[in-house]
Amino acid sequence: MNAAPSDDAEPLLRVRGLKVHYPIRRGALLQRTVGHVKAVDGVDLDVPRASTYGLVGESGCGKSTFGRAVLRLTEPTAGSVTVAGTDVLALSPAELRRARVSMQMVFQDPLASLDPRQSVEAALVEPQKVHGMPGGPTAWRKRVTELLERVGLPAAAAAKYPHEFSGGQRQRIGIARALVLGPSLIIADEPVSALDVSVQAQVITLLEELQAELGLTYLVIAHDLAVVRHMSRTVGVMYLGGLVEEAATEELYARPLHPYTRALLSAAPVPDPEVEERRERILLQGDLPSPAAPPPGCRFQTRCPWRQPTRCADEPPPLRELTGGHRVACHYAEEIEAGTLRPAASAVA
Amino acid sequence: MSAAADARRAGALPVPPGESLLSVRDLRVQFVRRGAAPVTAVDGVSFDVGAGEILGLVGESGCGKSVTSLAVMGLLPRRSSRVSGEVRFAGRDLLTLPQQQLRDLRGRELGMVFQDPMTSLNPVLTLGTQVTEVLRRHEGMGRREARERAADLLRGVGIPDPARRLGEYPHQLSGGMRQRALIAIALACRPRLLIADEPTTALDVTIQAQVLDLLQQLVRESGTAMVLITHDLGVVAGLCDRVDVLYAGRVVESANRRDLFAAPRHRYTQGLLGSVPRTDANGKVPLTPIPGSVRDMLPWADGCAFLPRCHRGDDACRTAGIDLEPRAGADAASTPPHRARCVHPAGLDDAPGPAGAQPAGAHAVARPDGAEVRP
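In the order they appear, the protein sequences are chains A and B. Going by full-length UniProt numbering, the first sequence opens with residue 1, and the numbers climb by one from there. Going by full-length UniProt numbering, the second sequence opens with residue 1, and the numbers climb by one from there.
Hints are supplied without guarantee of correctness; some may be wrong.
As the list claims (entries may be wrong) - Incomplete in silico selection of chain B near chain A, CB under 10 Å:
(1) Ser61
(2) Gly176
(3) Met177
(4) Leu212
(5) Glu221
(6) Arg257
(7) Phe261
(8) Ala262
Claimed, not checked - Derived contacts from chain B toward chain A, CB cut-off under 10 Å, selection only:
(9) Ser69
(10) Asp280
(11) Pro308
(12) Arg309
(13) Ala316
(14) Ala320
(15) Asp323
What the hints contain is simulated information worked out from the structure, not anything from laboratory work. The beta-carbon is built from N, C-alpha and C at its ideal position, and this holds for glycine as well.
Turn these sequences into a full structure, and let the hints steer you where they fit.
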């Protein structure tokens, strides 16, 4: 729906029914499998070329696992992942390694994802060497210099080590490392959440500029609703391993339909006292249920202020399309939007 | 409200007339290391908090906000830090108080909530032991009485099934639950002052909303004075009565929250507001980041510490002793006065900066009232 005009038909990233289940094993010798943690439990999404998909959710909802499974950094249990027409899950290890040239990841904590004993230049030359990029050492180093300049670091940065940089600079290195092979898909897992507010804005702006210049496709995974809103064209909201709502960004924030999305948005603080005083908060009771034993029926029913005695408890709501591209997994989305169903009084503050 | 709260506590010292419950004057903290120049983390910070008030201390990492709170509580290591100035709590200077008396105050009249509940709870003691410990030490309760009171406290902060939880260890609780337990401990003796250092930073937004709600209720109902330390301007906007913005160890702007968000004066505050995307913006508003990082700073002795990152700064800023004061008549008339430590305050001196420099945060001030988010 939001694809660039030339690639309307084929999204760069297409995910269907992706599941990641971790077995829970008991016993020292026999290792019986007594259950599964359903970290990701059947997610479908499309990311058109050169656009940004924002995946938002709270800790434990499976959003990071989803990102890693798309790149096969974690092996998915079931489903399919297609990047530019290639079925990623069918690739052999050698083919997968070659395919990684076009799909890269930016991690949350750049200090943990960069080798402390490797200079920045070495860290950026290595992937080019491993993947046999054309040109040899001189060309590789030239590319490093160009990239560092592009992400806003001085040329002198090449000889330094990760600990010599501030958080924001390290994230710039992380971005340069992801870009060095010229990928088309970048999965950014909480790219700015470890950074100070003023530096967050710098990194977001850099990612936007790079996208415009290089035609990159982003899957941005974050818990910060405002960051996701700012960066994405389409936003998906995840809860307990599944998508509960998906829509074009403006649409989702203006007209949240799923009770969980509504609660999330009402809880996100806005830096404006006027708005804060007028707002009604929907307070959710309790905590996220264990993904090893998700509730039957709707996965949100244990905390939902709009929970109804029928359907919610026994019938899992499918992610269904309501209006042009706005998908929601709730039996009562229409009634809730129309206001004919009211939330439990205790949930509104 | 405050009088009632004070009267409830037998033995609590009265606040001298004309003074706030907590009054910090010219607080200075230096860290000393042999063979290295001392590092000044807090450089002359002053603020007051009265009963039933919430003061926000806002700043980015390294601005000295956490060190300020530790200094107030007397929790900095004596060997490696030098603390000077005055921290008057109900008429006494906490900095010169003997250790024994300070220990009687902490946990009883002074409560503190830290950012990370996992590292501030003892992993090998049950929750029950950790909550009752405070009650037994400060209130002289017996084991059973303390246990009952502890269960009440946990219920009060919204922990279901408290009797069972008291027998559990911190790792058995979720992050939100741990943070609530920590708040319960801090509130066990109904402190007159609560310092909350990033109490919700480690939590998810829906849990954050629950915890902030709880803190606000507490202040409203019991007249506790609260200092909320945070980097999150959204949390400040919803919760604090007054806000002090810290940069490089000094307060650079101080105002009630309405003034601060409506017309930020210091260029740093303005830049911060221009750096945060909002969930309620009308259409896509471009961000206006502050260039550089907190490392790029000038020593205060040479001028404004923010100058290297400021788009409006010029040679007039290269002077020591830029005071924190009202920059316009209306600012002086506000209660409390809206003060800023800036030579070219925003909204009052908007001569164009260097070519191409977009006034940071301009959109945050003149924001079109976008579609707000409400259920």
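Review point. Failing hints, ascending?
Key: 5, 9, 11, 13, 14 and 15
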